[in-house]
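Trainee: Using the sequences and the accompanying hints, generate a full structural model.
Read top to bottom, the protein sequences are chains A and B. UniProt numbering numbers the first residue of the first sequence as 1 and each following residue consecutively. UniProt numbering numbers the first residue of the second sequence as 1 and each following residue consecutively.
Honestly, the hints are just simulated from the structure, not real lab data. We treat Cβ as the ideally placed atom computed from N, Cα and C, and that holds for glycine. Heads up, a few of these hints could be off.
[Unchecked claim] Where chain B lies over chain A, by a calculated footprint (3+ residues, C-beta under 8 Å):
#, stretch
1, 67 to 81
2, 123 to 137
[As the list claims (entries may be wrong)] Cross-link-like lysine-lysine pairs, in silico, DSS-like; alpha carbons within 27 Å at most:
#, chain 1, residue 1, chain 2, residue 2
3, A, LYS80, A, LYS185
4, B, LYS176, A, LYS246
5, B, LYS235, A, LYS80
[To be verified] With beta-carbon atoms standing in for the labels, derived distance ranges:
#, chain 1, residue 1, chain 2, residue 2, range
6, A, SER203, B, ASP187, 43 to 53 Å
7, B, VAL250, A, THR114, 47 to 57 Å
8, A, ASP111, B, TRP241, 13 to 23 Å
9, B, ARG182, A, THR114, 45 to 55 Å
Listed below, chain by chain, are the residues.
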Amino acid sequence: MAIIRVENLNYQYSNSDTKAIDDVSFEIQAGDWVAIVGHNGSGKSTLAKLLIGLMAADSGKITIDGQVLTPDTVWQIREKVGMVFQNPDNQFVGATVADDVAFGMENRSVDRPTMATKVEQALKQVGMYDYKDREPANLSGGQKQRVALAGIIAIAPKILILDEATSMLDPRGRQEILAVIQQLKADLNLTVLSITHDIDEASNADRIVVIDDGHFVEEATPSELFTHGRQLVDMGLDVPLPEKLKDALQARHVTVPRSYLDERGLVDWLRTSRLNK
Amino acid sequence: MNKVMFGRFIPGHSWVHRMDPRAKLVLSFLYIAVVFFANDFWTYLIMTLLLLASVVASAIPLGVYIRGLLPLFWLMIFTVLIQVFFGVGGHVYWQWGWLVVSQDGLNSAGLILMRFVLIILVSTILTFTTEPLEIADGIESLLSPLKKLHFPVATLALMLSLALRFVPTLMDEAEKIMNAQRSRGVDFGEGGLRQRVRTIVPILIPLFVNAFNRAIEISTAMEARGYQDGENRTKYRQLKWHRVDTASLVIYVISLSAVIGLRYFS
Chain A
1 MAIIRVENLN YQYSNSDTKA IDDVSFEIQA GDWVAIVGHN GSGKSTLAKL LIGLMAADSG
61 KITIDGQVLT PDTVWQIREK VGMVFQNPDN QFVGATVADD VAFGMENRSV DRPTMATKVE
121 QALKQVGMYD YKDREPANLS GGQKQRVALA GIIAIAPKIL ILDEATSMLD PRGRQEILAV
181 IQQLKADLNL TVLSITHDID EASNADRIVV IDDGHFVEEA TPSELFTHGR QLVDMGLDVP
241 LPEKLKDALQ ARHVTVPRSY LDERGLVDWL RTSRLNK
Chain B
1 MNKVMFGRFI PGHSWVHRMD PRAKLVLSFL YIAVVFFAND FWTYLIMTLL LLASVVASAI
61 PLGVYIRGLL PLFWLMIFTV LIQVFFGVGG HVYWQWGWLV VSQDGLNSAG LILMRFVLII
121 LVSTILTFTT EPLEIADGIE SLLSPLKKLH FPVATLALML SLALRFVPTL MDEAEKIMNA
181 QRSRGVDFGE GGLRQRVRTI VPILIPLFVN AFNRAIEIST AMEARGYQDG ENRTKYRQLK
241 WHRVDTASLV IYVISLSAVI GLRYFS
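Mentor: Here it is as structure tokens:
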């Protein structure tokens, strides 16, 4: 059964000449993990915002769990969809971890005893219970994103949308959060829609949807898509930052080390290098 | 330590730390109101003893409080001097042109100084022992009767707590921007006042731009998490009135009544 159905969706920003979303249609089956990949500005974040009515589409129809998205149903649809955003700090509303997890429930006027149990339960599921009284300033980005996940599962949605949720994390934080999401997906039977540049995150998906310039380009399984090799970059999937920088420097005829550098190695090399031509 | 102590929170588990922020707010306000009724040795003695008892109950050394007073030292000297020279009446001790040191002048200077110190200290006890967020909760709870007049108390409280939550985030960001400017050769500690003000501008502009972008993202995230309006929400954080609060209330009411009693009925 299709839990998300998008039909002929169009959207154009008022300050732009081209459509951000141009006649996009697709379906997502309940229980699937679908990744949406594409370049910056390809319209993938716009798509996510349209799906939960944070922006209104110019035309087209969005159906979530059998309910058509209209201004009247938008709050009911937001009950069914939880969304994790890119910047860990800009979605942490509560003063402490527990307060933040409770925020969504407070908005839905859940009573205090229920909130207390659900906060505890949700934090245990993401492995952040020991941090429940911490303030966000004392947490890493990955920990903050886990708290954001706890806040979402506390309201028991059916669909989880990740809007580049791992892009500001270090590789370890990214691995941790992906592991937590996989676990939650299995435990709670979630449908996951992840918008991403990250090849690891995309490889977790059952299917990958490629969009470019607001158009639907291709839909494939990860193993089909990953045979494209270097072309993946053109689709908007990221090679690691050090490799990208090395490519850019090489294009300017700077001698770069041939061996693979991680981010630390890159910083060390940059500090000592004179960028000789 | 040359950091400003005034308005800081010092964690602890003392009697005062454990008190309900509402009780602390109400007692502080009561105390400040009653300070203006004190007018002689005995009333000031009671006020001072009550304050010292509260300082002891906060388990923070008196020295820390004194350091909290230091930034206000010049303001105090200034107020005292104004009172000394411009209060007239009673026996004149010294005169030079229009400058007069009289008995009444000295009396009122002493009185003002005493009031000043007591008021600052009692509010310092509040801020030392109460997290900003607890103060925000306390204010919200105390203002809740205004909801009947359709005053957006809960929205105001949420704004306050969001602002408090982002103080460390913005401080971090300012630090990062400063480092970025330093790496481009800006020296922040150098030059005259003009030069220093000029180096502040390239910090403030990116800081403001980022703050606005943040605000937009936060409001999007809040909406996505089901935030519709401030007033019809339940609260996760709850304030609890304990026996220490009742006990403190009783002690304060008795002492403060004694001050008013002494002033009007002795």
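Trainee: With reference to the structure, classify each hint as holding or not holding.
Mentor: Tested hints:
no.	hint	result
1	67 to 81	holds (count 3)
2	123 to 137	holds (count 3)
3	A/LYS80 x A/LYS185	14 Å, holds
4	B/LYS176 x A/LYS246	25 Å, holds
5	B/LYS235 x A/LYS80	22 Å, holds
6	A/SER203 x B/ASP187: 43 to 53 Å	48 Å, holds
7	B/VAL250 x A/THR114: 47 to 57 Å	36 Å, violated
8	A/ASP111 x B/TRP241: 13 to 23 Å	20 Å, holds
9	B/ARG182 x A/THR114: 45 to 55 Å	50 Å, holds
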